[in-house]
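So the sequence lines, in the order shown, correspond to chains A and B. Just so we're aligned, residue 0 is where the first sequence starts under numbering that gives the first Met the number 0, counting upward by one. Just so we're aligned, residue 0 is where the second sequence starts under numbering that gives the first Met the number 0, counting upward by one.
Hints listed in this document are in silico derivations from the structure and should not be mistaken for laboratory results. Just so you know, even glycine gets a beta-carbon here, dropped at the ideal spot from N, CA and C. Careful: at least some of the hints might be erroneous.
Said to hold, decoys possible - Computed spacing ranges between beta-carbons, pair by pair: (1) B:I56 / A:E412: 52 to 62 angstroms; (2) B:M57 / A:A267: 31 to 41 angstroms; (3) B:I56 / A:G66: 25 to 35 angstroms; (4) A:A190 / B:G10: 16 to 26 angstroms; (5) B:P33 / A:G91: 47 to 57 angstroms; (6) A:K330 / B:L60: 29 to 39 angstroms; (7) B:P33 / A:A40: 41 to 51 angstroms; (8) A:A267 / B:E79: 24 to 34 angstroms.
As the list claims (entries may be wrong) - Here chain A is said to cover these stretches of chain B; the calculated rule only asks that three of the stretch's residues, wherever they fall, bring their Cβ under 8 angstroms from a Cβ of chain A: (9) 36-49; (10) 88-98.
Said to hold, decoys possible - Here are the simulated DSBU-like pairs of lysine-lysine, each with C-alpha atoms no more than 30 angstroms apart in a straight line: (11) A:K221 / B:K89; (12) A:K127 / A:K221; (13) B:K89 / A:K160; (14) A:K127 / B:K89; (15) A:K330 / A:K61.
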Amino acid sequence: MSLHADHPAAAEPGNETRIVIVGAGQAGLSTAEKLRANGFAGSITLIGEEPDAPYQRPPLSKAYLLGELERDRLKLKAEDWYAKNRIALRLGARVASIDRARRCVCLADGGMLAYDRLVLATGATARKLPQAIARGLAGIFTIRTLADIDGLRPALEKQGKLLVIGGGYIGLEIAAVARGLGMTVDVVEAADRPLARVASAQTATAVEALHRSRGVAFHLGKSVSELLGADRVGGARLSDGTIVTADVVVAGIGGMPETALAAEAGLAVDNGIAADAYGRTDDPFIWAAGDCANFSLPGGRLRMESVGNAIDSADLVARNIMGARQPYRPKPWFWSDQFDLKLQIAGLSRPDDTVVVRQGAGPGRSHWYYREGQLVAVDGLNAPRDYLIGKRLLAMSASPDPAQVADPVLALEALASTSK
Amino acid sequence: MPTIRFLSADGTEFAVEAQNGRTLMETALENSVPGIIAECNGSAACATCHVVLPEEIMLALGPISEHENDMLDFAEAPRESGSRLSCQVKVSDALDNISVRVPAA
């Protein structure tokens, strides 16, 4: 049976087709851009809850927070781009519900928008501290939006003491920036090492050592029992009774896919909006892309929060709306900038993978991950050549001999030719 | 404002007005030049903004950082003598009217 047999209207978008995209982040914007690039001639409406036109999020916790990149340069497109590409941009607008039977979205301000195809690019939100811990105190921040950073920056400029709750990428990037600004920094992490859920022990240990060498204090294997202070936060009592003083608290305790709208509309939700390998939800008129989408792939479900995934999945959805019928072939990669470390990661490693360390001639090194003898991921720590060669080998499903990878004398270029 | 002539891999020219101080990558993204993906938003982490500049302009641009140099060696399209990561090149009047070619991946 054809995919669209029950829904002839779901095939062949034309000049009259109306596409509504909910979420004006990287994935939503890229979907709109790629629809036009693929020749879609109908109408496109891009709805964003934030007041700002689509902007880059990664620099928020890095260059923008440091003041090295001005606000205007975060914008992904110039103002006139939207009109030139006939994309109706609705900012500061919240979609309250989806009426799947009538195929329209209801806005919180009472407006309604009819769609022929709906793309959900609702992203993820930063997990907030429980009220029992945060107690409504001022001086507590999460990191996700431009508004979050604009609120945090003045607090950091006063110097003083920063407490970071959560030793993930966001928390460590903020810790590095704050040290750079001259603040005293404490990081509390419940696991026994930072980056516990997102990097190997080898990579995490190297990152931890860098932070310690720059004066960041870690409280590992501990959690925050409560934050202290009357109106403003003044410190924290940790699970072992330790008191840490702080003028500012940043909670970097993970992101959650924004699925409320989809769930209320009765769409399947499973750690994200459940989509098939083509990016379509269980409603043939509704698609999902970016951080919020959980794709059903041959190896199992996959949801990623990264710019690469936002761009690639948006490209996929735009092509498939136009009838391409291509399954998602994700090429996971991530990066993080902390102090003078550029960490570049290709592939998805797991804690039980075998790790091979390649120590470069200089300060750089790379970690190569093998599962059942097959290369599955590469981390480059100030090692861009290793990272890019690893990424290329992964794309070819090639697996270099671990002994050769570990041999610092062997030129990396040779790895590509000796891989099986 | 200098004009930059982006040449996409299929030969289409995108002549755009650029702002001094912005990077070539930002200029390309704002104008939807095909082939400039820039997944890392300009932190020289992904090499998806690889461009080829006229050789005569390379000297005027000053030295390439070691990191960019390493990235260029293994960018998806083979490195050429005018290869740069467009996120690392700032627009200035010296670049007025130059052709910036996007290599085929």
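Problem set entry | Supplied distance hint 47 to 57 angstroms, evaluated on CB atoms of B:P33 and A:G91 | 31 angstroms Cβ-Cβ, so the 47 to 57 angstroms window is violated.
Exercise. Would the pair A:K330 and A:K61 pass a check requiring their Cα atoms to be no farther apart than 30 angstroms?
Worked result: Distance of about 24 angstroms is within 30 angstroms: holds.
Problem set entry | Whether the CB-CB distance between A:A190 and B:G10 falls inside 16 to 26 angstroms | violated, 53 angstroms
Problem set entry | Supplied distance hint 25 to 35 angstroms, evaluated on CB atoms of B:I56 and A:G66 | holds, 30 angstroms
Problem set entry | Whether chain A covers the region 88-98 of chain B (at least 3 residues having a Cβ closer than 8 angstroms to its Cβ atoms) | violated (count 0)
For this session: Determine whether the Cβ-Cβ distance between B:I56 and A:E412 falls within the hinted range of 52 to 62 angstroms.
Result: Violated: the Cβ-Cβ distance is about 28 angstroms, outside 52 to 62 angstroms.
For this session: Starting from the range 24 to 34 angstroms, see whether the pair A:A267 and B:E79 falls in it by beta-carbon distance.
Result: violated, 48 angstroms
Problem set entry | Status of the given 41 to 51 angstroms range, CB of A:A40 versus CB of B:P33 | Violated: the Cβ-Cβ distance is about 18 angstroms, outside 41 to 51 angstroms.
Exercise. Quick one, are A:K127 and B:K89 close enough, alpha carbons at most 30 angstroms?
Worked result: violated, 39 angstroms
Exercise. Is A:K127 within 30 angstroms of A:K221, Cα to Cα?
Worked result: With a Cα-Cα distance of about 18 angstroms, the restraint between A:K127 and A:K221 holds, given a limit of 30 angstroms.
Exercise. Taking only the CA atoms, is the gap from A:K221 to B:K89 under or equal to 30 angstroms?
Worked result: This hinted pair is violated, its Cα atoms lying about 45 angstroms apart.
Problem set entry | B:M57 paired with A:A267, Cβ distance criterion 31 to 41 angstroms | violated, 53 angstroms
Of the hints listed earlier, those the structure fails to meet are numbers 1, 2, 4, 5, 7, 8, 10, 11, 13, 14, in rising order.
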